[in-house]
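Residue numbers (my numbering), protein chains in the order written: chain A, 1 to 321; chain B, 1 to 675.
In case anyone wonders, no lab produced these hints; they're calculated from the structure.
Quick caveat: nothing in here was measured; it's all calculated off a predicted structure.
Be careful, since some hints might not be right.
Some but not every residue of chain B turned toward chain A, in silico, with C-beta under 7 Å [as the list claims (entries may be wrong)]: (1) 146; (2) 606; (3) 652; (4) 654; (5) 665; (6) 666.
Every residue gets a Cβ at the ideal spot worked out from N, C-alpha and C, and that includes glycine.
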Amino acid sequence: MFAFVVRRAAYGFLTLLGVLLLLFALFFLYASPHEMARRAVGEKAPPEVLEQWIANHGYDKPKLWNPEHPLDTLLVDHFRRTLSFDFGRSDADGTPITQRLREGMGPSLALAIPSFVLGLLFSVALGLFVAYFRETYIDRMGVVLCVLTMSISTLLYIIGGQFLLGKLLRWFPISGFDASPSVIVRFLMLPLLVSLADGVGGSVRFYRTVFIEEGSRDYVRTARAKGCGDLRVMTHHVLRNALIPILTRVVVAIPFLFTGSLLLESFFGIPGLGSMTVDAIHGNDFATLRAMVFIGSLLFIGAQIATDVSYTLVDPRVRLE
Amino acid sequence: MARGGSVARLAAAALGLLLLSACTNNPYPDADDAARIFYRPLSEPPKSLDPAVSYNFSEHQITGVVYATLLDYHYLDRPYRLIPGLAREVPHAQVLPDGRVAYRFRLREGALYQGDPAFALGGASASAREVVAGDLAFQLMRIADPAVGSPVIATFAKIEGLREFSQRLEALREGDPEFARRRIDEQYAAAGGIAGVKVPDPHTFEIVLSEPYPLLLYWFTMPFTAPVPWEAVAYWDGEEGRAFFKDHPVGAGPFRLTKLEPQSRVVLERNPNWYGLLHPEWRAPAAVYPTQGEPGDAALGRLDPAYVGRALPFLDRVEFRIEKEDIPIFNKFLQGYYDSSGIVQESFDKIVHEGGLSPEMAARGMQLEKTVDPDVYYIGFNMDDPVVGTPAGEQGRKLRQAMSLVVDSREYARVFNNGRGVPAQSPLPPGIFGYQADYQNPFRRVDLERAKQLLDEAGYAKGIDPATGKPLRLSFDIGDTSTRGRVRFQFFVNAWNRLGLDVEIAATTYNQFQEKVRKNAYQIFMWGWVADYPDPENFLFLLWGPLANSKSHGSNTANFSNPRYDELFVKMKNAENGEPRLAMIREMRALLERERPWIELFHRENYTLFHGWVHNVKPAGLSLPTARYVDIDPELRSRQRAEWNQPVLWPAFALVALGIAVIAPGIVTFLRERQ
Numbered sequence: 001m002f003a004f005v006v007r008r009a010a011y012g013f014l015t016l017l018g019v020l021l022l023l024f025a026l027f028f029l030y031a032s033p034h035e036m037a038r039r040a041v042g043e044k045a046p047p048e049v050l051e052q053w054i055a056n057h058g059y060d061k062p063k064l065w066n067p068e069h070p071l072d073t074l075l076v077d078h079f080r081r082t083l084s085f086d087f088g089r090s091d092a093d094g095t096p097i098t099q100r101l102r103e104g105m106g107p108s109l110a111l112a113i114p115s116f117v118l119g120l121l122f123s124v125a126l127g128l129f130v131a132y133f134r135e136t137y138i139d140r141m142g143v144v145l146c147v148l149t150m151s152i153s154t155l156l157y158i159i160g161g162q163f164l165l166g167k168l169l170r171w172f173p174i175s176g177f178d179a180s181p182s183v184i185v186r187f188l189m190l191p192l193l194v195s196l197a198d199g200v201g202g203s204v205r206f207y208r209t210v211f212i213e214e215g216s217r218d219y220v221r222t223a224r225a226k227g228c229g230d231l232r233v234m235t236h237h238v239l240r241n242a243l244i245p246i247l248t249r250v251v252v253a254i255p256f257l258f259t260g261s262l263l264l265e266s267f268f269g270i271p272g273l274g275s276m277t278v279d280a281i282h283g284n285d286f287a288t289l290r291a292m293v294f295i296g297s298l299l300f301i302g303a304q305i306a307t308d309v310s311y312t313l314v315d316p317r318v319r320l321e
Numbered sequence: 001m002a003r004g005g006s007v008a009r010l011a012a013a014a015l016g017l018l019l020l021s022a023c024t025n026n027p028y029p030d031a032d033d034a035a036r037i038f039y040r041p042l043s044e045p046p047k048s049l050d051p052a053v054s055y056n057f058s059e060h061q062i063t064g065v066v067y068a069t070l071l072d073y074h075y076l077d078r079p080y081r082l083i084p085g086l087a088r089e090v091p092h093a094q095v096l097p098d099g100r101v102a103y104r105f106r107l108r109e110g111a112l113y114q115g116d117p118a119f120a121l122g123g124a125s126a127s128a129r130e131v132v133a134g135d136l137a138f139q140l141m142r143i144a145d146p147a148v149g150s151p152v153i154a155t156f157a158k159i160e161g162l163r164e165f166s167q168r169l170e171a172l173r174e175g176d177p178e179f180a181r182r183r184i185d186e187q188y189a190a191a192g193g194i195a196g197v198k199v200p201d202p203h204t205f206e207i208v209l210s211e212p213y214p215l216l217l218y219w220f221t222m223p224f225t226a227p228v229p230w231e232a233v234a235y236w237d238g239e240e241g242r243a244f245f246k247d248h249p250v251g252a253g254p255f256r257l258t259k260l261e262p263q264s265r266v267v268l269e270r271n272p273n274w275y276g277l278l279h280p281e282w283r284a285p286a287a288v289y290p291t292q293g294e295p296g297d298a299a300l301g302r303l304d305p306a307y308v309g310r311a312l313p314f315l316d317r318v319e320f321r322i323e324k325e326d327i328p329i330f331n332k333f334l335q336g337y338y339d340s341s342g343i344v345q346e347s348f349d350k351i352v353h354e355g356g357l358s359p360e361m362a363a364r365g366m367q368l369e370k371t372v373d374p375d376v377y378y379i380g381f382n383m384d385d386p387v388v389g390t391p392a393g394e395q396g397r398k399l400r401q402a403m404s405l406v407v408d409s410r411e412y413a414r415v416f417n418n419g420r421g422v423p424a425q426s427p428l429p430p431g432i433f434g435y436q437a438d439y440q441n442p443f444r445r446v447d448l449e450r451a452k453q454l455l456d457e458a459g460y461a462k463g464i465d466p467a468t469g470k471p472l473r474l475s476f477d478i479g480d481t482s483t484r485g486r487v488r489f490q491f492f493v494n495a496w497n498r499l500g501l502d503v504e505i506a507a508t509t510y511n512q513f514q515e516k517v518r519k520n521a522y523q524i525f526m527w528g529w530v531a532d533y534p535d536p537e538n539f540l541f542l543l544w545g546p547l548a549n550s551k552s553h554g555s556n557t558a559n560f561s562n563p564r565y566d567e568l569f570v571k572m573k574n575a576e577n578g579e580p581r582l583a584m585i586r587e588m589r590a591l592l593e594r595e596r597p598w599i600e601l602f603h604r605e606n607y608t609l610f611h612g613w614v615h616n617v618k619p620a621g622l623s624l625p626t627a628r629y630v631d632i633d634p635e636l637r638s639r640q641r642a643e644w645n646q647p648v649l650w651p652a653f654a655l656v657a658l659g660i661a662v663i664a665p666g667i668v669t670f671l672r673e674r675q
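Turn these sequences into a full structure, and let the hints guide you.
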């Protein structure tokens with residue numbers, strides 16, 4: 001297994017290099033250092049101030065090739081700093097990026113963990129329920145509702161949620177965030193409900209398929225023949241044996257808990273890492289974007305390896321070679 | 001078993017209570033309901049609260065009340081009038097024998113900074129450091145410091161020796177890496193200070209300019225020139241867990257920053273050390289509510305006897321919440337959770353009826369304040385261009401005049417801005433010296449026939465270019481690729497099409513457009529300018545020859561160059577307001593009228609809504625922080641919030657009914673299956 005993990009890590013490292021190269025190419029095709037400087041110091045700043053900003057941030061180096069000092073280029077700098085976890089400071093406001101990551105992680109996790117856990121429990125329970133009643137009204141209506149909820153855009157859930165629960169029923173604030181213990185729950189409830197409504201259709205449909213497939217196996221029939229109750233069959237036999245596809249889906253989603261939800265955080269004004277990434281894109285903040293993409297890729301690659309390893313834990317028959 | 005059950009019940013009860021407590025749309029703690037807190041949205045998080053760097057409207061709402069400036073604008077008077085702030089009086093220029101100009105400010109004695117641990121560096125107790133003239137000199141050195149990156153260094157370069165100080169400082173840092181690690185005040189002292197900045201005693205501050213520049217006084221109303229204690233810059237350095245100075249402002253203004261969560265909220269509280277509170281006996285003009293205003297202020301309740309002459313500020317706290325989207329801001333305003341708001345385009349007709357508030361909104365006690373912003377939006381011609389510019393001579397001039405005669409600003413405002421916006425006749429907006437309300441630019445009224453005639457005289461009869469025999473092809477270079485932007489620009493193209501011209505929209509991203517501007521590769525463009533200070537110089541410089549984009553990458557993007565205009569501009573900018581200055585402005589206006597480097601479009605008109613519990617509001621147009629003058633009636637606010645936030649329950653009932661209709665057959669199925 002060790003060799004497998006090392007090999008996957010090596011592939012992962014190459015993928016990471018590719019991601020960083022792509023990010024560099026895309027960003028500098030889109031933005032020029034002058035534009036970054038203009039965003040940072042304001043439209044009215046005279047050319048000398050822009051030049052000063054560019055020099056202060058090291059963007060005055062050649063992008064790809066420097067004949068005098070081949071290692072003194074933006075590209076080399078980009079790889080060197082990222083791979084050594086030296087994220088530096090935000091191009092937009094000069095704040096150390098590690099500080100921004102620390103500040104943003106809390107709000108992101110405060111929303112993402114309950115959304116993830118409740119979403120998982122709710123979807124698995126509904127998936128089991130619908131799978132148990134397959135080929136009945138419940139199953140058919142379940143599938144219709146799943147497809148319906150999957151077809152609706154996340155933006156509509158957000159706007160609809162804000163309108164219904166915030167504007168008409170007035171149960172929750174329309175947007176905003178306050179980490180004070182006395183009020184934090186009221187800010188999280190609406191995005192949490194929107195997140196559940198948005199994600200439940202696809203998940204239930206996926207789990208239903210998995211459970212139906214698992215429920216038609218011989219050992220299920222045997223368990224029933226031996227007098228096992230429905231609840232026990234579904235939760236102890238079907239659910240356990242369906243863990244591999246569930247794990248695949250769950251572990252791969254874990255990195256996104258840390259990187260935050262781009263849409264939800266932006267629309268609900270939650271100051272997490274997702275909205276930080278959106279701001280970095282809008283504000284041409286290359287340093288922040290580089291850090292977020294790097295961390296996101298790293299976590300994703302790590303999660304892929306962890307998923308493979310976890311197979312051996314839930315199914316002893318799986319061997320990693 | 002019973003114990004487990006009770007734990008589960010307890011947990012369920014706790015969860016229920018938690019959810020119940022969450023069931024309110026009030027975004028603020030209940031305990032704050034009775035406080036005098038002004039709630040305002042900020043559209044973007046503050047990037048820097050360093051007064052030498054910060055240069056945008058959002059940040060100015062914070063730095064403008066945390067830092068005390070030497071001068072202020074009178075809150076109510078229009079045209080804008082300077083009054084003393086930290087200075088004892090507004091200084092006058094002293095012309096020195098060699099032509100240089102000096103300004104001498106006398107500071108109030110006994111004004112204090114807010115309490116801050118940084119002052120321990122200087123040996124003072126944490127709450128008792130006095131504002132001294134040396135702090136102003138220090139702040140000007142920060143503006144000159146290349147490492148600070150102040151966007152206004154060019155403006156202050158008129159102070160004698162400022163550039164030289166900047167160069168000496170940079171040379172010292174480059175020559176010795178250890179030097180840059182020394183304390184900031186020591187670095188500045190080693191660089192020798194700025195020759196034209198003098199501090200004869202702790203309460204006198206003098207600056208010497210190498211040339212007359214009367215407009216400099218306006219810059220002393222801005223936080224750029226506010227006194228900053230060197231201790232704060234040295235102490236708040238981001239090391240050992242301390243914040244950066246840009247995130248920890250230390251000023252002498254009416255409010256102090258007590259909470260900065262840049263991505264979600266900023267909280268300011270009344271500064272007990274402010275000179276207005278510590279020394280009410282001074283009756284400093286900027287520390288008491290004005291006793292007079294412009295005509296109409298009294299009728300609008302801005303000279304309420306309950307406030308006139310009272311010591312400022314009235315608020316306990318100002319809370320800014322970061323809200324990037326307009327619609328949530330507006331909805332929260334309607335729920336009473338923001339005290340003021342703009343009007344989103346989608347709801348404009350619901351809010352505004354025939355130029356005033358709709359009956360529904362008026363019944364809520366709202367106030368609608370309209371202001372014309374000190375700005376100008378225009379279509380510019382690149383005067384270096386061989387077809388539309390100066391090289392085309394009379395032909396180009398007539399072409400520009402014809403194109404100007406078909407652009408209908410009023411219709412544009414009606415279609416795209418709900419009718420908001422004052423059609424511009426010249427670069428000068430209302431409220432600026434030289435603006436003439438009854439002036440009608442002969443080329444800024446819509447006259448298709450005259451335009452066609454001019455085009456004919458230009459040699460482009462019916463818009464046909466004789467060289468090709470086809471409609472004259474022009475390029476409208478825009479930095480906006482969105483559909484919405486395209487529709488707006490198409491409005492102008494359609495107008496020019498009526499002349500037979502073939503104008504192509506060359507839409508690029510804003511970055512690419514900026515690149516085009518840098519390379520002077522554009523023909524027709526649209527741009528806008530918002531004033532820094534209320535003076536005609538701040539608009540007319542946009543067409544001053546030496547600032548042409550093609551020559552100096554300056555702000556004159558039209559590359560307009562006219563010797564007479566340039567000569568008049570230099571005289572006008574150094575003149576005092578009066579008849580001679582007005583005559584110069586009129587002559588410049590006449591030159592622009594004929595030459596048409598711009599098609600002046602409109603000056604933006606701002607509609608701002610305030611709730612009835614907000615008092616003493618007077619929108620300024622200019623970026624002026626007004627929090628010190630505003631007051632709130634928290635009782636009325638609480639009452640109206642409760643009234644406006646009764647839940648509308650029918651959607652919930654409808655949803656439940658729909659849910660039952662969907663689920664009921666399922667329950668029947670379930671029961672049947674169980675049997």
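Okay, the hints, checked on the actual structure:
no. : hint : verdict
1   : 146  : holds (6 Å)
2   : 606  : violated (19 Å)
3   : 652  : holds (6 Å)
4   : 654  : violated (10 Å)
5   : 665  : holds (5 Å)
6   : 666  : holds (4 Å)
Going through the hint list in order, the structure does not satisfy hints 2 and 4.
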